[in-house]
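Asker: Since the structure of chain A is provided, determine the placement of chain B on it from the hints.
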Amino acid sequence: MIGEAIAFYLLAAAMLGFGVVVVTSPNIVHSAVALVPVFLGVTGLYILLNAEFVAGIQVLIYAGAITVLILFVIMLTVGGTGLRIPERNEQGPIGFAVAAALAAMLAIGVTHTAWGRGGGALPAYTPGAIGQSFLGPNLLVFEGTSVVLLVSLIGAIIIARKEE
Amino acid sequence: MITLTHYLVLSALVFALGVYAVLTRRNGVAILMGIELMLNAANINLVAFNKYTAPGAMQGQIFALVVITLAACEAAVGLALMLAVYRSVETIDVDEINLMKW
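Residue numbers (the working numbering), protein chains in the order written: chain A, 155 to 318; chain B, 16 to 117.
Looking at chain A on its own, in the form it has when it is part of the complex (with noise of 0.2 Å):
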């Protein structure tokens, strides 16, 4: 219990020290590499929660696959550096007030709320039974995803590719 605390803590600490880096460095490319701690803190609390699977997933498409993307595009746009624009536009203080507001309400309404525990318990094997969930209950929901998927990929390469 105490290890589990001090890895929560760690990981919580090391995810908004890098969140910080993202969202105030000057430096578009210097907010594109601290997203990949970020990422990888999340894939912690996902073991931390006993998600095993959510996890593997979070680190092959965001820590690798979207973080790349992101670089990527970086490159081809503003490039290099990516110090040619003023990254911060001049609604700093503001746009800082809304957010503190955002998080201090979502904080004190969430610790003065009693969630209810529902009965059973995780399942010894979770890929196991998320397979189970996807190929059973849930499949419209993953034909429904597969669909999407597919059509905002073709829909990316139609709208990325250089005009006639």
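None of these hints come from the bench; they were simulated from the model. Given the structure is predicted, the values throughout are model-derived calculations rather than measurements. The reader is advised that the hints may include incorrect statements.
To be verified - Simulated pairs of lysine to aspartate or glutamate, DMTMM-like, Cα-Cα distance not exceeding 20 Å:
(1) A:K316 with B:E105
(2) B:K66 with A:E206
(3) B:K66 with A:E158
(4) B:K116 with B:E105
Stated by the list, open to error - Listed next, the stretches of chain A that the computed footprint assigns to chain B, with coverage defined by at least 3 CB atoms under 8 Å from CB atoms of chain B:
(5) 176 to 183
(6) 244 to 258
(7) 279 to 289
Note that CB positions come from ideal geometry on N, CA and C, so glycine has one too.
Answerer: Frame of chain A, contents of chain B only:
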């Protein structure tokens, strides 16, 4: 002892970081990064609720996987739009992209 509230407060803070990025960044790609942070915050909530309030059902992890898939779609389409905008107006500063603004 780590409870559900710890995870929810952490995800609220990550969500607020994403909101701050969306509100204050000028670079369109950085705004997409803020959106990814917010989606991750939502995913932490889903998996935490799965463990602490309904451990018998796997719906939280199922939803988290669906959200990860749709986040990948959103990143692909969003970044393709950024490339197309850069090709036509030579900038991805969202304050400068005001062609359709009255």
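Asker: Any of the earlier hints contradicted here, and which numbers?
Answerer: Of the numbered hints, all hold.
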